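Residue numbers for the sequence shown follow the numbering used here, so the first one is 1 and each next one is one higher.
It should be emphasised that the hints constitute simulated quantities derived from the structure, not laboratory data.
In this text, all values refer to a predicted model and were calculated from it rather than measured experimentally.
Treat the hints with care, since some could be wrong.
[What the hints assert, rightly or not] Just the calculated beta-carbon pair ranges, DEER-fashion:
hint : residue 1 : residue 2 : range
1    : GLY104    : ASP44     : 15 to 25 angstroms
2    : GLN30     : THR89     : 39 to 49 angstroms
3    : ASP44     : SER86     : 40 to 50 angstroms
4    : SER18     : ARG87     : 29 to 39 angstroms
5    : THR21     : SER86     : 27 to 37 angstroms
6    : GLY90     : ILE25     : 37 to 47 angstroms
Positions of the beta carbon are idealized from the N, C-alpha and C atoms, including for glycine.
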Amino acid sequence: MCSETPAFCFGEQVHYLSRQTNEWIPAVVQGHVMVGQTRYYNLDVQEAADPSRVMSREQYEAMKFVNPVNPLTEVFCFGEQVRYLSRSTGQWIPAVVQGHVMIGQELHYHLDIQESAHPSRVKREAGQAAQATQATQ
1 MCSETPAFCF
11 GEQVHYLSRQ
21 TNEWIPAVVQ
31 GHVMVGQTRY
41 YNLDVQEAAD
51 PSRVMSREQY
61 EAMKFVNPVN
71 PLTEVFCFGE
81 QVRYLSRSTG
91 QWIPAVVQGH
101 VMIGQELHYH
111 LDIQESAHPS
121 RVKREAGQAA
131 QATQATQ
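Between the sequences and the hints, there should be enough to build the whole structure, so can you do that?
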């Protein structure tokens, strides 16, 4: 999820990663509720939806475009802290998503430390994965 969770507006069309089917489904924002510092979304398909399971239509379309047969379960967004598998060191190093770049029919990430990073070399920051897991429990 973004380092600063995007605020989706009432009536906005989004996509939600369903817990039942583990697939992205269309949804409409009907409101939100704050729990601590986290904004959860009330959707027409799920109340108090975890923000890590909600993405914009644009993100969903980009994700589908990357692999229409088996879309990724997430696309990292601008400002999100991630890890990049460095070609020079062979290690995962911290990075920040600065944007997206289409190369042919593949979505690549423009990172603060690497332009056109292939998605297979980008993963969620370890701390964010733990936070996302805790928020869904």
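Hints, one by one, checked against the model:
no.: 1; hint: GLY104 with ASP44: 15 to 25 angstroms; in the structure: 36 angstroms, violated
no.: 2; hint: GLN30 with THR89: 39 to 49 angstroms; in the structure: 46 angstroms, holds
no.: 3; hint: ASP44 with SER86: 40 to 50 angstroms; in the structure: 42 angstroms, holds
no.: 4; hint: SER18 with ARG87: 29 to 39 angstroms; in the structure: 36 angstroms, holds
no.: 5; hint: THR21 with SER86: 27 to 37 angstroms; in the structure: 36 angstroms, holds
no.: 6; hint: GLY90 with ILE25: 37 to 47 angstroms; in the structure: 38 angstroms, holds
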